[in-house]
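Top to bottom, those sequences are chains Z and L.
For the first sequence, the residue numbers in this note's numbering are 223 to 639.
For the second sequence, the residue numbers in this note's numbering are 373 to 556.
Simulated from the structure, these hints should not be mistaken for lab results.
Take these hints with a grain of salt, some might be off.
[What the hints assert, rightly or not] Below, a list of computed lysine-lysine pairs in the PhoX-like style, where the Cα atoms sit at most 20 Å apart:
{"id": "1", "chain 1": "Z", "residue 1": "Lys376", "chain 2": "L", "residue 2": "Lys403"}
{"id": "2", "chain 1": "Z", "residue 1": "Lys272", "chain 2": "L", "residue 2": "Lys485"}
{"id": "3", "chain 1": "L", "residue 1": "Lys533", "chain 2": "Z", "residue 2": "Lys376"}
{"id": "4", "chain 1": "Z", "residue 1": "Lys248", "chain 2": "L", "residue 2": "Lys533"}
{"id": "5", "chain 1": "L", "residue 1": "Lys533", "chain 2": "Z", "residue 2": "Lys268"}
{"id": "6", "chain 1": "L", "residue 1": "Lys533", "chain 2": "L", "residue 2": "Lys519"}
{"id": "7", "chain 1": "L", "residue 1": "Lys420", "chain 2": "L", "residue 2": "Lys403"}
[Unchecked claim] Computed spacing ranges between beta-carbons, pair by pair:
{"id": "8", "chain 1": "Z", "residue 1": "Ile468", "chain 2": "L", "residue 2": "Asp414", "range": "31 to 41 Å"}
{"id": "9", "chain 1": "Z", "residue 1": "Val480", "chain 2": "L", "residue 2": "Glu491", "range": "42 to 52 Å"}
{"id": "10", "chain 1": "Z", "residue 1": "Asp276", "chain 2": "L", "residue 2": "Lys485", "range": "15 to 25 Å"}
{"id": "11", "chain 1": "Z", "residue 1": "Ala459", "chain 2": "L", "residue 2": "Lys422", "range": "36 to 46 Å"}
{"id": "12", "chain 1": "L", "residue 1": "Pro478", "chain 2": "Z", "residue 2": "Ala459", "range": "48 to 58 Å"}
{"id": "13", "chain 1": "L", "residue 1": "Phe516", "chain 2": "Z", "residue 2": "Val480", "range": "23 to 33 Å"}
{"id": "14", "chain 1": "Z", "residue 1": "Ile468", "chain 2": "L", "residue 2": "Gly535", "range": "18 to 28 Å"}
{"id": "15", "chain 1": "Z", "residue 1": "Arg464", "chain 2": "L", "residue 2": "Pro512", "range": "38 to 48 Å"}
[Claimed, not checked] A few chain L residues that face chain Z, going by a derived Cβ cut-off under 10 Å, partial list only:
{"id": "16", "residue": "Asp384"}
{"id": "17", "residue": "Thr399"}
{"id": "18", "residue": "Phe417"}
{"id": "19", "residue": "Asn419"}
{"id": "20", "residue": "Leu502"}
{"id": "21", "residue": "Phe516"}
{"id": "22", "residue": "Ile521"}
Even glycine gets a Cβ: it sits at the ideal position worked out from N, Cα and C.
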Amino acid sequence: MTITEKILAAHADKTEVTPGEFIEAKVDLALGNDITAPIAIDAFEKLGPKEVFDRKRLVLVPDHYAPNKDIPSAEQCNILRKFARKQQLEYYFEVGRMGVEHALLPEQGLTLPGDLIIGADSHTCTYGALGAFSTGVGSTDLAAVMYSGHLWFKVPESLKFNCHGSLPKYSTGKDIILYIIGQIGVEGARYMAMEFAGEAISQLPIDDRLSICNMAIEAGGKNGIIAPDEKTEEYVAGQAKRPYKIYKSDPDAEYLKVFDYDMSTLKPMVACPHLPSNVKPADQLGDIAIDQVVIGSCTNGSITDLRLAAQVIKGRKVHPRLRLIVIPATQAIYKQALREGLLETFLDAEASISTPTCGPCLGGHMGILAEGERCLATTNRNFVGRMGHLKSEVYLCNPAVAAASAVAGHIVDPGGL
Amino acid sequence: MILRGNAHKYGDNINTDEIIPARFLNTIDPKILGQHCMTGLDEEFPNKVKAGDILVAGKNFGCGSSREHAPISILGAGVGAVIARSFARIFFRNCVNIGLPILECPEGVDKIKTGDKLELDVEAGIIKNLSSNESYKTTPLPAFMQKIIASGGLLNYVIAKQGNSIGHNEKGENLCLRRNSLSY
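Based on the sequences and whatever the hints tell you, model everything.
In structure tokens, the structure reads:
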């Protein structure tokens, strides 16, 4: 069996599962945010007075429109806050303690190897980087888990992506996933598990692995997953809130398809409007002028990402015709960046630094685009109107490309800055 | 369930940001969401759509974010059902859970044009195109999904499994299908 099949089987009290089979499985952790949880809470409360299935396993994070961007958003955050108090939830993260959910939960030791995790947010697939089965669902699914602690799943087929070789300088986990999405398309892994392996993956820090699994959904994937190794164990050892279990795919596990890629020559990639699969190497884009650069989000707001961006931008200035917005993904990352002098580097470069929030990634607040404006972002989606006006554009890239381009004023490969 | 309405046809990979742009996600009210349905793609859609109309789209409809506001906005706009070549995974779950009928029908998607009058037999999985006198068969839902639909949506299914009674309000409406929240 594959790692995905083993985790699903274990949570459904079965010795074996096969792709296509429907199972009902126990959920280890469930997540909601200020956009999706209000619908789930509304549904849950219509069912009458009841306690949630486990007050230590339901996590609520107001991160999308928090700090509250307007009165309706404030009301939505209040729904989470009141529910968290009433149900005495152990893990409700208030502004000042919160971060972008998919960066926050691993950091807090809440998402662990071998877990079965659901979240009412499509990027819940991020946690597969730690060897968990983790997938995004809707709000009614979340309500059902709040009620029963269980949910139904269709066991997915698995695709395996063997990433060979060592990545060149300035190429990152983000480039691996952009490249793969470019190869298989936005529905290339629809309903499927995407398992990433090979020396290019094992050499990567956990932050980069989280970026890779984060964007499995952009290929239509049900989950992204990477077998735990020493780096994973080292990462979770100090902070795990619960015991965990390591699963790995069997040598004879069956995959629908196995892909082999040489990553030793992978250049920094850019996804052009308006699909994450519209990928080209940064150095082949020509002269594309930009109005705004965003470095942050659940995909690329980690300390590893901020270090890389700061290294590129140190001693330089943001181009006069654009603005650079840096958003550390969590409070802990913010503090670490402060300690290391990274924030000072960004400020000296004349960048703006925001408190942790999803903010502009989904066109919420903190950097919305006007008609005709173009943004280069380390986020995960470049759909029409994603960051603002329907006639604005979003390009996606890694933090090194973002920082170098913020200096150049147009999209460049950091090697050529 | 028999549904009749006019077709509104769109392309492949319609994402949930197009179905309901994120700036409208600060409410869960189906009527307000309905006023902005599809405006990330076609700003005129809420003015064009009439109660009972059918949304028709290509492959991977509803890809992107998990926002249940997307199918809720479709219900809120008065759309009776969605026909697509294929659906993105989370969107598919959400539709089953809230009671928005969805039909996978590549043949129908190829042949239906905007403005065609359609008649859908959702249970039988048959689409009649009254404008062209054609009939198309849809891909049947897996038996497990049919069980959830027959239970009255996911929450009813879960409640019944725990041996509790099904959630209805004093008017006898099934509270667990968000479709019914439009009526009060």
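TODO: Kindly confirm whether 31 to 41 Å is satisfied by the beta carbon distance between isoleucine 468(Z) and aspartate 414(L).
DONE: With Cβ atoms ~49 Å apart, the hint is violated.
Open item on the list: Given the hint of 18 to 28 Å, is the C-beta distance from isoleucine 468(Z) to glycine 535(L) inside that range or not?
Closed with: Violated, since isoleucine 468(Z) and glycine 535(L) (Cβ atoms, about 36 Å apart) do not stay within the stated range.
Open item on the list: Hint phenylalanine 417(L) vs chain Z: min CB-CB distance below 10 Å?
Closed with: violated, 13 Å
TODO: Would you check whether aspartate 384(L) satisfies its interface hint, that is, whether its CB is within less than 10 Å of any CB in chain Z?
DONE: At about 9 Å, which falls below the 10 Å cut-off, the nearest Cβ of chain Z leaves the hint on aspartate 384(L) intact, so it holds.
Task: Distance restraint between lysine 248(Z) and lysine 533(L), which requires alpha-carbon spacing of 20 Å or less - done: Within the cut-off at roughly 14 Å; holds.
- [ ] Would you mind confirming whether the straight-line C-alpha gap from lysine 376(Z) to lysine 403(L) stays at or under 20 Å?
- [x] violated, 32 Å
TODO: May I ask you to test the hint 36 to 46 Å on the CB atoms belonging to alanine 459(Z) and lysine 422(L)?
DONE: violated, 60 Å
- [ ] Return holds or violated for the Cβ distance of valine 480(Z) and glutamate 491(L) against the range 42 to 52 Å.
- [x] Cβ of valine 480(Z) to Cβ of glutamate 491(L): about 45 Å, so the range 42 to 52 Å holds.
Open item on the list: Next item in the hint list is asparagine 419(L). Is there a CB on chain Z closer than 10 Å to its CB?
Closed with: violated, 16 Å
Task: Pair hint outcome, lysine 533(L) versus lysine 519(L) [Cα-Cα no greater than 20 Å] - done: Roughly 12 Å between the alpha carbons, so the hint for lysine 533(L) and lysine 519(L) holds.
TODO: Indicate whether the distance between the beta carbons of aspartate 276(Z) and lysine 485(L) respects the range 15 to 25 Å.
DONE: This hint is violated: roughly 51 Å between Cβ atoms.
Open item on the list: Can you confirm whether the C-alpha distance between lysine 533(L) and lysine 376(Z) stays at or below 20 Å?
Closed with: holds, 19 Å
When held up to the earlier numbered hints, the structure conflicts with 1, 2, 8, 10, 11, 14, 18, 19, 20 and 22 and fits the remainder.
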